[in-house]
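Residue numbers (my numbering), protein chains in the order written: chain A, 1 to 270; chain B, 1 to 181.
Don't read these hints as lab results, they were simulated from the structure. This one's a predicted model, so the numbers in the text were calculated from it and none came from an experiment. Glycine residues also receive a C-beta, built at the ideal position from the N, C-alpha and C atoms. Each statement offered as a hint is correct.
Away from chain A, derived, C-beta distances all over 12 Å, residues of chain B:
#: 1; residue: VAL4
#: 2; residue: GLN46
#: 3; residue: VAL50
#: 4; residue: TYR63
#: 5; residue: LYS81
#: 6; residue: ASN119
#: 7; residue: HIS120
#: 8; residue: GLY147
Derived pair list, reagent style BS3-like, types lysine-lysine, alpha-carbon separation capped at 30 Å:
#: 9; chain 1: A; residue 1: LYS9; chain 2: B; residue 2: LYS21
#: 10; chain 1: B; residue 1: LYS150; chain 2: B; residue 2: LYS165
#: 11; chain 1: A; residue 1: LYS22; chain 2: B; residue 2: LYS21
#: 12; chain 1: A; residue 1: LYS156; chain 2: A; residue 2: LYS182
#: 13; chain 1: B; residue 1: LYS25; chain 2: B; residue 2: LYS174
#: 14; chain 1: A; residue 1: LYS182; chain 2: B; residue 2: LYS54
#: 15; chain 1: B; residue 1: LYS165; chain 2: A; residue 2: LYS8
#: 16; chain 1: B; residue 1: LYS174; chain 2: A; residue 2: LYS8
#: 17; chain 1: A; residue 1: LYS22; chain 2: B; residue 2: LYS54
#: 18; chain 1: B; residue 1: LYS158; chain 2: B; residue 2: LYS25
#: 19; chain 1: B; residue 1: LYS5; chain 2: A; residue 2: LYS182
#: 20; chain 1: B; residue 1: LYS150; chain 2: B; residue 2: LYS82
Under 10 Å between C-beta atoms, here's a sample of chain A residues computed to sit facing chain B:
#: 21; residue: PRO17
#: 22; residue: LYS212
#: 23; residue: GLN215
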Amino acid sequence: MSGQNPLKKMMNNIPVPQQKLKEVLRVEGLTKVFDKSSQPIQALRQVDLTLYEGEMVAIMGTSGSGKSTLLHMLSAIDAPTSGKMFVFGEQRDVHLEPQATIFRRNHIGFVFQSFELLEDLNVMDNIAMPLILKGLTNKEIEILVKEALDQVGMKKWRTHLPTELSGGQQQRVAIARALIAKPSILLADEPTGALDFNTTNDILHLLVQLNKELQQTMVIVTHDAYVATFADRVLFFHDGQIVDVYTNKKDESDLEEILEKFKYIARGEQ
Amino acid sequence: MQRVKQAQQGDEAAFLSLLNKEQDKLYRMIFAYVQNESDAIEVYQQVIIVAFEKIVQLKEPLYFSTWLMRIAINQSITYVKKRDRERAVSPESLHLIEADYRPIEEQLDLWQALQFLPNHYKTALLLRFYHDYTVPQIAEVIELPIGTVKTHIRRGLKMLRQHLKGVYNDEWAKSAEKDDE
Ligand SMILES: Nc1ncnc2c1ncn2[C@@H]1O[C@H](COP(=O)(O)OP(=O)(O)OP(=O)(O)O)[C@@H](O)[C@H]1O
Ligand SMILES: [Mg+2]
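Chain A extracted, bound-state conformation (with noise of 0.2 Å):
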């Protein structure tokens, strides 16, 4: 029998409830001002987002309209005006200290788009970093880097030093050391904005198989609308707002459709 016969029309007429997905991170009003300067900078104005396990949701938006400023928030790198958050469904005060950075290690993974290595530190120690400030023991330490180190391909370069690698390959070592603390929401800003064409597509390529392997939340920031195709979701961002969402159909990233959005809100129209 081909196409569709009245038994398969029946059948897949039949809903299926949509699986109830759990949040990791949520805010409420987030506002964020910058008053040191005379002219105060509203760098957030009440962002409302609630982020959900496994998704893979991308930010664009036009520069300094507040996206890394969001990622400071979420990860608790600095402390919002005002707003609340969430963390698994609970209200949180996480961005005083000593809380923000008990939060930070271990929720948060940060990617930046100069890597942020530490210099000195040979590729396995880089990526151990934040097990050895958990206080895990030596043993435990190697088996699981030995894994990062595999799952972000960078076995043979484990005693290397981050000069005596390329951005691809250093960015692979930063990804693998945000990742080590098996964290609840990675956060990447612009993670290939350092890097050819190329080689983005391999990064891009890794987040993607890492999202999907370890169910991994991601937010990535990007003005790349290429990378915002991968994404599950994509929030645009002006102003210190989110004005527009879209979400990518399963299985079809639709590159065009996001490019016109992003030439939308660029100009600045809402």
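Got chain A sorted already, so can you dock chain B with the ligands onto it with the hints?
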């Protein structure tokens, strides 16, 4: 099929990604037996747990889909039997039988007719006409000889037609019966 091997070594993520492709069809198959959403979700979850526990026993990775389907069918039928038994001993719960699903009008007759069939006919028809399995594949899922599968399909269609008498879907059942001869 690498994924099956990984899942057999206890890799949960690999197992989940295997399931990903199958989940809607699997859920609807279960639903065809249990006929309401909350039971279907419960059975679906059981199926996943059982499958993950037993995947080490799967010898041929290529048979993952049919193997999973067999678990789903068996779990569904067992569940319905148990549910019906429980209802039989506590008649006060009879009125609680949830009928939270009602197919659209033109499919209602077929849905009801399907529910009248004994489970082995229902299974054969669903595998053949919903999942597009071949007769040998069905034989594999239900672990019966090919000849028996053919009989189940033929008798199932015939019974379906009897229930559909005079309704438009009858046309399809009649032609399907011819196709399968
Ligand atoms: N530490 C700071 N002190 C004062 N102003 C700041 C500070 N950090 C950010 N800002 C201001 O806040 C606004 C948002 O900056 P942010 O870095 O979040 O933008 P962005 O979207 O990441 O931009 P880009 O795409 O250029 O990285 C900008 O106007 C910026 O000048
Ligand atoms: Mg920035």
